[in-house]
Amino acid sequence: MAEPIIQIQNLEKRFVSKNTEVYALRGVSLDIEQGDIFGIIGKSGAGKSTLVRCINMLERPTGGAVLVEGKDMCRLSNAELCTARRSMGMIFQQFNLLMQRTTEENVCFPLELAGVPKHEAKKRAAELLQLVGLAERVRSYPSQLSGGQKQRVAIARALATNPKVLLCDEATSALDPATTDSVLALIKDINTRLGITVIVITHEMSVIEKICNHVAIINRGTIVESGTVEEVFFHPKTEEARRLVISEGQKTTESGKNLFRLLFNGRSSFEPVIANLVRECDVAVNIMFANTKDIGGQAFGQMLLQLPDDPEVIARVLAYAKAKELSLEEMSNG
Amino acid sequence: MVNEALLWMLAEGVYDTLYMTLVSTLFSYFFGMFMGVALVVWRPSGIRPRPVLYGVLDVLVNLTRSFPFLILMIAVIPVTRLLIGTTIGNNATVVPLVIAAAPFVARLIESSLLEVDSGVVEAAQSMGATMPQLITKVLIPEAMPSLINGSAIAATTILGYSAMSGAVGGGGLGKLAIMYGYNRYQTDIMFATVVLLIIIVQILQSIGNWMTKRSDKRIL
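Protein chains in written order, with the working numbering: chain D, 1 to 334; chain X, 1001 to 1220.
Calculated directly from the structure, the hints in this document are not laboratory data. Careful, some of the hints might be misleading.
Below, in silico cross-link-like pairs of lysine-lysine (DSS-like), each with a Cα-Cα straight-line distance of 30 Å or less [stated by the list, open to error]:
1) D:118 <-> X:1213
2) D:71 <-> X:1137
3) D:237 <-> D:210
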């Protein structure tokens, strides 16, 4: 296997104010492979934004190394850093478009910085605006666009210099759910079509589920768990991971009793799992929460079931699950 | 009372006032731009923090700004003589006007540039913008409406200063007001100069407002 495109080694970022020292990041190490969509998830203040900003040196790390294609970003001169940054696009929560420039001029901007001739830049901008579905808004100013459209312009702009990496810092957090989905679909499409490695910073598990193949969970400046999305989703090893994965389920149930989490880990979606369980065990299960997807005939996702308050029935259900190799686990309250 | 000679005198006064105001504004912007940009770039939270240089410049600007203009004009007389060769007339007035107005313009430019969203600057940095590119392609163009608005304020303030310079050898409407209106008790001339000054300020401010609105792409 080729060398990872981004290697983060023992990264540390310390903020020093008058009398206090705060570690925003401590001992963070990650390998991000070429072509990945790598999610970094954590609560606000966990250090995820600092981490992504350390990759292109918007934030200077106080220790450790960030290697992009083998080059240590921390050791580059100003001029080299400018060049290196041109091979990395970045999009932001607040879009950060130039308000006094049209859509087209915004997309041309990074090319202008790189000294690309104007007519070539315009041609490239037209292609990119076509790609993000805004070909007819070339002459519009950002103030005339909706949030989703602004983020599409920002994506086109970030792609203008043909970067190898796209950094997304809470790129969908200011958008409504439907717009979020369409922007995420666009990012995924760009990843498959252009082979760009994408790093996604978010606080929402749903964003990770929708587009990422790898995920790292960050808490208080350290990576507590990382792996493929399936691994972390189906077999969370740490308390933080578990909380993120099932947080949506818990919100709706207010810590009920006898709650069990049933995982769909690529079983056939044609198998009526719940109906069989109900019939075989003669039990009335209550579905508190469900979030499943059918991907190519296989079911993925989770359900939160509430079983009757009867130890005998619960034992029967658990035995049935074991026999049928269903992934059913009791949820601790709290 | 209204004779041709008087009208010519007033017309010349208007011309002199406009000449001093516009030339001084131009030079003040030339010097003030460098200072204003430096104040933004060097500040502790700036793109290239240089706390010592920033501190020196900051104090220097405050110092010049605290001088009463009339005193400043007299204080810089040697400089004026060195540069222009005389201390009376329009060109001689431009020197103290620029010295007084450049730091004021620097503050106006500083506050306009600080209005630019730091996120936009950051985005440009993430695209590999160099320091000069950040200034000429991001900070200044993004702040343009506010800069134009500031220039109207600067021009009207300089106009006010130029009228004051009439007391110590400057020309223009200020000189007429002091010489005829004040020293010779010709109230009608004083009245006429004040009305003309009001009209000029109104026109300058209206042009400024119109251009600000026209240049801003955020309100459409």
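Here is what the structure says about each hint:
1. In summary, the hint linking residue 118 of chain D to residue 1213 of chain X is supported, as the alpha carbons are separated by about 28 Å, within the 30 Å threshold.
2. Taking the CA atoms of residue 71 of chain D and residue 1137 of chain X, the gap is about 29 Å. The hint holds against a cut of 30 Å.
3. As the CA atoms of residue 237 of chain D and residue 210 of chain D are separated by approximately 21 Å, the hinted pair is consistent with the 30 Å bound.
When held up to the earlier numbered hints, the structure conflicts with none and fits them all.
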